[in-house]
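Chemist: Each chain, written out:
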Amino acid sequence: MEEYSVPVPVKPPAEIESLELPVPPWLGEVSKKGDELVLFVGPQHGGSGHMRLIVRVHGDVIREVIPDPGFVHRGMEKLAENRLYVQNIPLVERPAIMDCVNFSLGYVRAIEKALDMEVPERARYIRTMLAEVCRIGTHLYDAGILSVFLGHTTGFMWPFALRELTCEILMRVSGARITASYVIPGGVRRDVDRSTLNFISDAMTYIQQKSKDFEKIFIKNPVTIARMKDVAVLSKKEAIKYGIVGPFLRASGVEYDVRAIEPYDAYDELTWDIVVADDGDSYSRFLVRVNEIQQSIGIIRQCVKALKDMPEGKIAVDTKGKLLDSVKGAFFRMFGRLTLPAGEFTTLTEASRGTLLYTIVSDGKSNAPYRLRMVTPGWYYLKGFMESLKGCRLADLQAVYGSFGYFPPEADR
Amino acid sequence: MLSYESLLEMFRQNSVGIPLITRKVVLYHTASKIAYIPPLTSLFAKIPILNLIVALLFWKPFFAVLFAPGLVCILIAILFIIWFERKVTARVQWRYGPLEVSRSVGGIIQPMADGMRYFFQEVIVHREAHRPYFLQFPLITFLPVLLPILVIPAGAIYAINTPYSIPVAIALISLIPMIIVAIGWASNSKYAYIGSLREAMMYFSYEVVLIISAMSMVIIYGSANAFSIVDKQSVVPGIVLNPFAALAFFVAIAMATSRFPFEIPEADQEVVFGPFIEYTGIIFGVVMTLAYEKLYLLCMLFSILFLGGWNGPFIPPLGDLSPAFWLFLKTIALMMIFVFFRTFYARYRLDQALKIGWSTLMALAVVALVTGIGLGAVNVTGWL
Chain R
529 MEEYSVPVPV KPPAEIESLE LPVPPWLGEV SKKGDELVLF VGPQHGGSGH MRLIVRVHGD
589 VIREVIPDPG FVHRGMEKLA ENRLYVQNIP LVERPAIMDC VNFSLGYVRA IEKALDMEVP
649 ERARYIRTML AEVCRIGTHL YDAGILSVFL GHTTGFMWPF ALRELTCEIL MRVSGARITA
709 SYVIPGGVRR DVDRSTLNFI SDAMTYIQQK SKDFEKIFIK NPVTIARMKD VAVLSKKEAI
769 KYGIVGPFLR ASGVEYDVRA IEPYDAYDEL TWDIVVADDG DSYSRFLVRV NEIQQSIGII
829 RQCVKALKDM PEGKIAVDTK GKLLDSVKGA FFRMFGRLTL PAGEFTTLTE ASRGTLLYTI
889 VSDGKSNAPY RLRMVTPGWY YLKGFMESLK GCRLADLQAV YGSFGYFPPE ADR
Chain A
1409 MLSYESLLEM FRQNSVGIPL ITRKVVLYHT ASKIAYIPPL TSLFAKIPIL NLIVALLFWK
1469 PFFAVLFAPG LVCILIAILF IIWFERKVTA RVQWRYGPLE VSRSVGGIIQ PMADGMRYFF
1529 QEVIVHREAH RPYFLQFPLI TFLPVLLPIL VIPAGAIYAI NTPYSIPVAI ALISLIPMII
1589 VAIGWASNSK YAYIGSLREA MMYFSYEVVL IISAMSMVII YGSANAFSIV DKQSVVPGIV
1649 LNPFAALAFF VAIAMATSRF PFEIPEADQE VVFGPFIEYT GIIFGVVMTL AYEKLYLLCM
1709 LFSILFLGGW NGPFIPPLGD LSPAFWLFLK TIALMMIFVF FRTFYARYRL DQALKIGWST
1769 LMALAVVALV TGIGLGAVNV TGWL
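Protein sequences appear in the order of chains R and A.
So our numbering is basically just the index in the first sequence, starting at one, shifted up by 528.
So our numbering is basically just the index in the second sequence, starting at one, shifted up by 1408.
Everything labelled a hint here was simulated from the structure, so no lab data went into it.
Each hint should be verified, as a subset may be incorrect.
Computed from the model, here is a short list of chain R residues facing chain A with C-beta under 7 Å [what the hints assert, rightly or not]:
(1) G574
(2) V751
(3) R921
Okay, derived cross-link-like pairs now, PhoX-like style, lysine-lysine, Cα gap no bigger than 20 Å in a straight line [what the hints assert, rightly or not]:
(4) A:K1598 <-> R:K561
(5) R:K918 <-> R:K764
(6) R:K765 <-> R:K911
(7) R:K757 <-> R:K918
(8) R:K757 <-> A:K1763
(9) R:K911 <-> R:K769
Here are some chain R residues the structure puts well away from chain A; computed CB gaps all over 12 Å [unchecked claim]:
(10) E592
(11) Q615
(12) E649
(13) R705
(14) E783
Since the structure is predicted, the reported quantities are computational estimates derived from the model, not experimental observations.
We put the beta carbon where it would ideally sit given N, CA and C, even for glycine.
This is chain A alone, in the form it adopts within the complex (with noise of 0.2 Å):
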């Protein structure tokens, strides 16, 4: 039976070590004196209620989830990086790009500011739509977003150690279009029709790609276990043992998102958002930020597959934080050379994006295959 005490001891066993707020930090000691600060966690450790919520958000699964690489991680990311969006291609195309409401720091808490404005708009449901999926739908599309969290692992933080965290977490990621196309559904309107089928379509022309490169290299560390994957990649990176898978996934993340030049199911001047016409409010942030959560989600996974994942100096004050931190910064420098690619692509139509998913990109992953099943035959990873 689980009581009040075991569930804490349950909590404290397996909670997240960081010094820098679960150690004392000594201000200053004489011969005879010191003095500290007293270590955050320890504040609320003798009050009954408040120590198992203290013990449960520092609970290794819960603060996968939660903080990091989970949702605080991701709502950091959306906010930077659709600044950074903003920013980098004004600065491009000679303009200021956001900057009256914070001067002092180029205008970074932009999108925090558009957030509270789409928060206090009027959500208008329209008399067509599925009033019931209308609405849900936006909510129901953290699952597929915060479910993986659960198998990506960021160094010690992580909430289930499976050998098959990698195909997993591709499957969940892959629940999302099935979202979007419900969410067009629900819609029923004839842009939003459009642009689900446009959705389905890229789907249809990325997913066979993703699987085939991310197996490729899954083949050449012999296991599908982030950890193994990370501890193989030491020396040398999975980007340099197989590029064209590198290449492949590269590609197929930038058509998994909607990034230029495959932003083909929400293209404005066409479909306009596509199967998002009908939403207002902080419904449409919500589904806005559906493809950059998407993107955070796969970046995180090139990173582990190819980029030696949390691998990096050991930062002591981070504690465990410290791999998790190599992983974000991994994370969001791909995630910017992904929205880069705003600045100078166009936009290539639907059926040149199937030519190029089933003709280019699937030679090129069939390549990957090969080589993944060459270089894993020969064992490349246990002489490195």
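Okay, chain R solo, but in the shape it has when bound (with noise of 0.2 Å):
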């Protein structure tokens, strides 16, 4: 059979031209010169999570990684400029679902600032112990996806079904599994009764037994002590001078904590440790939120104690100060006109991965935020996480992300 050529002019469309990389142009020269492997990882990769690392490797060794993320961005402090304040604790539960009495906490302690009210004894213990809850069920998360990071899917599997305790928790005390929507302005939803108490007692204990069997298993396994002993270090200058929050940065040995330095909540009435490691190395990343588990194990004890001495009802506050038991059929007569005082509010809070940020600016008149500004900790230590990464070996690259708990939708917002 003949064949035939017919001359079709043909153009690359317009949109091969839009979609280039957002790469440096001295990165091209660099892959070209034969010395480097320039390696784009993610965002459809097993180990890179919603976003892209574009890896400067040089034999096995990774000279720099330079971030990409934004692939998951939501535009959640624009949303919030449209909605009413009530209305966005629900949106600023999104970024990190699995830790949301922290994330709305923040926001909801925002509003609490502005209008100046005094939350109940008893709201401040249940919205102190839930933060916790969520902690355990964020670390047990980021743990299973560092193990499986590092190849270990037993270590993966056992703290994602530990995890189904703490969602359990929030179903049974909230209604929801994840974002639970519990705290508001003023105290928490709805209380919590005795039976749900002793649940959530039973359930730590389990925790703390089943944890022993997964310490055998992966945290004391030789092979993962291996893989992230002296791996990734940041010594205690850098890790102030990147400005990594949380517990990676109490992992350099900085004692920084907002839950002990600007005490919220029930947090100065009870008594815990700030765990702190000296090493800076992936490893002790690992165990500070390791030992944490333990201690907010130990805080939640507590907290259920105090609840149980408590008399029930009064578990929230309305805006002319008076007590509520149950905010029920009142939520949008109290809430839905909440127009803030003109100001700027911010507030620190703890959340699992580090220190988070919220900043409301409201103009004194209108029922939506002015402005809301969230930083998330997972933005904060970006830098740090990348720095981190020079001069490790290209396999760790996983291995350091998994140390981090690295979170793209909590970064991203």
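Using the supplied hints, reconstruct the complex from the two chains, each of which is provided in its own coordinate frame.
Modeler: So, in structure tokens, the structure goes:
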């Protein structure tokens, strides 16, 4: 069969040009010289999460990692400007759905600060308890992700199965397994009864027992220690310089915890320790979070005991200072037309992965925020995460990723 | 000159004797009557072409490569071990594992269902691939997998009886990493490049240890012929004589077949199946089973060198298949141990694996070699 060629002028479509990768021009030059390999990890990669990591590898050693975040940016701050103050509570939980109570707590406290509300004691204890439940859930989630990044599938499944208990606790207390939207200005949405408190303390006992098995199979595993010990070390000075927050800052030996320094809710009435490690490597970043789970279990036990001793009811307060047993039916009458006085109101919260900042700017007239500034812990420590990767092996990329528990939806907001 | 009759006679002279299918099976016999089922092989004995085919199938060299311990046994082992790996991992991890495909037998035909799915999936050849090599290397992998079967005997079933069977088998198995590296080159992608580089590095770290520990056993037995090696283990298996060699060989197998904790070339969180990243469909199915085929071969070598090979109680109905059955059983048990590592190990880094291979493991192999020379000098198998 004879073939004929038909000269049809075809131009590459304009999208090809516009879809060019956001790579600095010098990076192309580097990869052409042949000394280095420029490797694109993500966003469709088993070990990248929802982000792209541009890795310059020399042999097996990483020279530099350039992050390309923003694949799950949802514009939380802009969305918040078009909603009522109370409608923003479910919104601000979305970046880190495992950590919902900590995230809504920060926002709600900013509103309370503006309105000068005094939260009833029972509500404060319930909030603290649920914040710690969410902390346990997030740390277990991160431990599972770290395990599977190291190739340890059993270490992935066991924490995820344990996390089911924290979901169950949230469900029994608030009605939702994740994204509880439970914390409201002036208190909490509904009361916790005695049988739920018993369930919570049983669940804590179970998690404590099962985490001993997890310790045997993953934490004290010689392969795990070999992979993470002395990898991606950040010294105390570097950690402060790059603005690391939360457990990762404490792993470098800095004793900073918002819960202790600017206590909110019931944290100053409870006894607990700030977990600190000195090495600043991947393993100590992991161990700090493992030990924080134990501290959280202690805090929850104290909260459960205090709540059992307290009389039930009186879990919220309205804008005029009247104590309420329940906000059922009265919620939108109370908060539908909520307007904050003009000004800027900032709160710091210790979320599971670190310091969480909310700033509400109000013009004093409208019932929606003029501006909501929200800086999540993931965004704070992204720079330090990238810096710590320099000089690691290529196989360490995922191990260090897991040791930081970096969660792109949280950082991108 | 080779005539039809002489060829048929040659096949029949050296055929596998399995009483279950080559002898008459007596159903019952009373005082005067005997009722029996005619043997399966005699069904086609008089039909011209079919009798040659049947005789060829039961001809020992052909039977060894095609059935036991060859292709069919490899397939059975792979189908079982993939199911077992998924199931045991799931049970440890508080899950059910494969179940829905066949509920009554615990989902044991799940690998077969996966194979069928692979078979009907589109095979994508990307633009940058070296197309002819990309497509033919997965098929060429069957050569280094099936050729060692020629020199690894299973009792009475063998193809080539040579005094160099163990070295030849190891040399042929060593060809597999070459083909994996070639696959990585033909894929022509960055992750495949890194994966094949890792495979080459791993090859470099385990191969010397594997050869030294196998040779230390050959020195003890004074022969590299599999038959005499198994004969000399009839009382004491090799693992008791030289446990150092057994341990070094065991770890080297884990490195060679990328089992945990040395699943480095295929690390799916890091390089996404490494050399095989670009394969889809049935070709991916073929290259994915490559590590399991290698595991089967090396476990067979392990059981011949250290566990007494095909030694075991004779099973009359199986006849010549009986030793092959025992060898298969030992091989499968070893493979089950190897795949169980997945449940409790993470993955080492490449440089750590190289360090283990050239320090700890090498020291162990040297100790094994010294032990082997010592035991071989006093001829320990002679007076056992």
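Chemist: Next, verify each hint and record whether it holds.
Modeler: Consistency of the hints with the structure:
no.	hint	verdict
1	G574	holds, 5 Å
2	V751	holds, 4 Å
3	R921	holds, 6 Å
4	A:K1598 <-> R:K561	holds, 16 Å
5	R:K918 <-> R:K764	holds, 17 Å
6	R:K765 <-> R:K911	holds, 14 Å
7	R:K757 <-> R:K918	holds, 16 Å
8	R:K757 <-> A:K1763	holds, 16 Å
9	R:K911 <-> R:K769	holds, 10 Å
10	E592	holds, 17 Å
11	Q615	holds, 39 Å
12	E649	holds, 39 Å
13	R705	holds, 19 Å
14	E783	holds, 31 Å
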